[in-house]
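Line by line, the protein sequences are chains A and B.
Per the working numbering, numbering of the first sequence is gapless, rising by one per residue and ending at 343.
Per the working numbering, numbering of the second sequence is gapless, rising by one per residue and ending at 538.
Hints are computed from structural coordinates only; laboratory data are not their basis.
A quick note: this is a predicted structure, and the numbers were derived from the prediction, not measured.
Fair warning: there could be bad hints in the mix.
What the hints assert, rightly or not - Here are a few chain A residues that sit away from chain B, every Cβ distance over 12 angstroms (derived from the structure):
hint, residue
1, 150
2, 161
3, 230
4, 252
5, 274
As the list claims (entries may be wrong) - Using 27 angstroms as the maximum straight-line C-alpha spacing, the simulated BS3-like pairs for lysine-lysine come out as follows:
hint, chain 1, residue 1, chain 2, residue 2
6, A, 41, B, 4
7, B, 4, A, 40
8, A, 308, A, 41
9, A, 336, A, 308
10, A, 169, A, 336
11, A, 41, A, 336
12, B, 510, A, 40
13, A, 308, A, 40
14, B, 520, B, 510
15, A, 41, B, 520
16, A, 305, A, 336
17, A, 40, A, 305
Note that the Cβ used here is the ideal one computed from N, Cα and C, for glycine as well.
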Amino acid sequence: MLTIDGSRGEGGGQVLRTSLALSVATRTPIVIENIRAGRKKPGLLRQHLTAVEAARVISGARVEGASLGSRRVTFAPGDVRPGTYEFAIGSGGSALLVAQTVLPPLLTASAPSTITVVGGTHNPMAPPFEFFERAFLGCVNRQGPEVHAVLERPGFMVAGGGRVQVHVKPAASLDGFELLDAGARVRREARVLIAGLPPSVGSRELRALVDGLDLRADEGRVDEVNAVGIGNAIVCTLEHEHVTEVFSAFGERGVRAEAVAGRLVRDVRSYLAAGAPVGRRLADQLLIPLALAGGGAFRTGPLSKHTKTNMTVIRDFLPVDFDVEDDDGATRITVKAASPGKE
Amino acid sequence: MTRKTVAIGLLGIALDTGSRGARWEKWRPTLSLCQQSDLVVDRLELLAGPRYHRLADTIVGDIAHVSPETEVRVHPVDFADPWDFEEVYGTLHAFARGYAFDPEREDYLVHITTGTHVAQICLFLLTESRYLPGRLIQTSPPGRHERDGVGHYQVIDLDISRYDRIAQRHAEEHAEGQSFLKAGIDTRSTRFNAMMERIERVALASPAPILLTGPTGAGKTALARRIYELKRDRRHVDGAFVEVNCATLRGDGAMSALFGHEKGAFTGAVTARDGLLRAADEGVLFLDEIGELGLDEQAMLLRAIEERRFLPVGADRDVESDFQLIAGSNRDLRAAVARGTFREDLLARIDLWAFELLGLADRREDIEPNVDFELARAAESIGRQARFNREARRRFLQFATDPTSAWRGNFRDLNAAITRMATLAPAGRITVDLADEECARLADRWRAAADDPSSDADDALTDVLGTDAVAALDRFDRVQLADVVAVCRRARSLSDAGRTLFAASRAKKKRPNDADRLRKYLARFDLDWATLTGAAGP
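This is chain B alone, in the form it adopts within the complex:
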């Protein structure tokens, strides 16, 4: 079904006028809108001040002659001062809000030829922001030799994605932005590339907080800095990039470091200090390991995000800072919320745009392009370009992409490996021996880390128990509990986890109750299923 064409426009108190018969010799935009040979306005919503009702009547009557297809509805819309932006915008906005648009059945054209320039601007803004869900239409007078006097019209669709050349330019700009976020590395992981596309969009469309999660060394800090640089290049921010690892902000100094303090606020506060939030005004604040932030600081931070103001230590007046927050975390913040060490409202606030960066082991297809990137970076720092010989490269890549290669330190490991090889490369050639040696070294390190129960599994434990509680555990319990936690997190339910954990003994039992056994075990550490998995219960 073809949609009806509905035009919305202001009565032109200058352009639409004309006396008696002479008006027919004059080009009148609102009439012209209804006279086009290839456009039928099925309905015209004519916004006219009550003072001009006679002019409106004339136009309505004339339209009935020139365009019998058109129904005209006159809306009493008046401006005390048609050049007053606030009034005109407010009035037109109210009209748009009160109008029952039906875009399924009707196609809207917003006529911007009549009215003051201010009214044109307002109609443009309302159309651009989709309060008026249509396209703009402009009419123009006939040329000298066009005897029908009707003139011309032009439809302007503000949906710029519809214009091929503009859309292409935008696509190029997006691609540039994404490439920039990826440090120019031609990554192949579709999931990673899709995420970068999303981050690019979000970073340039919204000043809302962004949360980057992922294991240590996955590149959170580097990405946060690149997001900042992208926003700065596109003039979305003009302040500084301020970064801090919240794990270094423990204890009394944390408040003051973040929010600043007044001179004399406490012993040792000899001079006033602005604090990191203030330093990030108009810029980007990157808080890595945000899960390590104390609860008081979290409360203050939440207010600073929501209201853009906070109270420095010892101050009696708020200061303002308009910064964009990027938070980083390698812990599961949801578990921290369940444990009560992280504020749920703060998480909700920073979780709107959450992105999980995968470790290198989960992005094996991206290892090769990153090897090239790290080589180039190493060349910059060493001042000499090193290259793999062909066999050395093949062997290193084979090792690097092997499923058994853990890449525990992620990009940090890769960076270190390449830096070592590039530095030691005789005459700038990374030889097979050098590559083999590096592979063996990495493999050794990862094996040692896997044997050390305090490394990886501890991360998961710290997630659920917190650093202090983990430190209080015996190694005997730590190892066991870490494995139990790992099994639970992979399991679908408490019973499922129980079956896995007690697989050997349950076969001998008449009535196994693995779930109960597991529940009791967890209770010894003040843990339950919900805390472990973030689920509502078994």
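Chain A extracted, bound-state conformation:
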């Protein structure tokens, strides 16, 4: 049984989710200890429980210690069971993080799957649906499987109630890929989502985006969406020849529409200025599928603590190494088979 120290790095839910995904994908029984040690509310929170439960369901795992506040969970998976599943996560919880936990093992399962997750799709604590669909799945689909996601209804923070469906057509195995340059720009899109708020909020945000990013009129729009409760998100998609990146910002009570748009403008500009195809968040997400493929490389900005932690967790499960080197002002990460004896 593999022991994972849940307190390493930032010690958040990320270690838990990565461990669950790889435990199922590699059929490795694990025990995770010190879960969220040192936090104000230590141990498993309810969104983590949902992740554990989802991983259990798709693998028929034997689980111990999966209760609120628990700091130690043992998880012994069986074979991956492709199929049709529906999971629900309470307010604040991100439907996409649940999808990301169960997706890796399903990519190479013996049959297709359909995963429906009810919960938040646009909240500030997790990547929004568009990032998952365009940026992350865009890369995963280069590895062999065919995955597509549908946003049936957005779910904003507090009320939640969004609905995402993910269809997975698996591949026999995953291919690696190299993503060193973005290539030529294909398309830009800035989209403002508002639900239950005055339309002026959306148009002010859009105007600030158009000004800040020098967009053409046809590159931006405001969508009034149907959602439970109220919500506001702005999503900017930059589609290049070799990669699609997605950035987002969220409206908040007491924060001016222009300020919300300003945050997004800053993120987009610094991505473009860095000249690396993979943004910080995507870099973090690509590690698992590339490690499962056993090889690949990409260029990104400076490594976040999150990404470094993720690498150490992945190395516990898979015989891979991550080479990290400077490359023309950016960081180049190469995933390769671990050298013998180094395991």
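Fit chain B to the known structure of chain A by using the hints.
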């Protein structure tokens, strides 16, 4: 297996409201209860007036979004006036009584943030009294900079033994109370200390009668007074301590002394008299030797305990008195019941909290601390502190704790011995000579008492026969019968007692029938096995 979390709360007809989309920007306690990241409410029992069914529907729908794990059950609970304590308490009490709690499988949280203050108080009371067998939970709104809007919660467990500091303070208070009951004497007998702990608990938890039994001089009166003082200090009583020895209440005056009389109730009743029960109103009445009380007085006393009212002699209207009864007895009241001299129903009533005080001879480990206590007491009365010299103390304690020392008068003997030595101590030193002299004196007294058949053994006889019947016996029979009674009380059965009593002669008999012989002997005094031992028969 982890228990399910079940929350019970009222729909907040003010706090839980909010129109359309704007309600999501408003903190709503019942919703907040179901949104916490480290708490999953598996089931919510939502008490909502039928008038507010639309609000209830909205809340139920919103909970389904924010907490898909939660099942919500709406209970139609309505108050005509939500500020009317009686109505609100009655309604919530009825809900609690009708609810099928399953604490083995479910953990209950009582949400007190919604509803009127009156409803909060009622939920608190019902939880405190365990009609709602759970903990309280309170939700509170988010701070200014918390953007998730969920707010916070706090669980309040009313089981205060779970809080270390409070529990410690309580333990200290208990220890103080026990020490107080023991007059500050650091007693070592585990049985005695355990009993004091129990008495302390009972005295402060219940106004029910307490029965103290034990031999004369074991300290019943002193303990009764200390129980009273403890209760008074902790404000459980604010009346007086009234004590009387029932042996002094025989004859016509007994009724009037206890229950009072009207002016002119009988010859000599020149003025009205309140009586002891009335004097003990809101206080403690200590009836020592309660077994000596006449049957009429017993009947009246029983009613006074049960109904807190009684009829004074010559009165045509009840008077009331709310007193706590402490009864003392050195006789076996069960035997008195068997004999018909004590009411069984009264015994049942005062026997609920019965404590047997051991004589000093059975608490030898406590003699030393009591010697110190008596020395201090003697110093107070003589006005001069006397001390043993080392050898004198050793010799006195050796004598005092020797198994052959009878301590017939118990603490009375000890008190007298110490008082004598302290008074006679030259220059405040109790010398070896003085100690030896006192030991010899005590030994002499106890030997004389043992030789006198009218003392100890008589107590046992009086238990089974009653004072009058014993007085009518010849000394010849008294001595013999006393020994027979003593043997019977130690024996397991009639046959067992017979074998002991006729041990010499039975060896010579072909077919000994000791049991029959004993039965016939006892019958001469109208006694049988059951009366002697309180058992159902051989």
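Need the list of violated hint numbers for this structure, in ascending order. 2, 3, 4, 11, 12, 15
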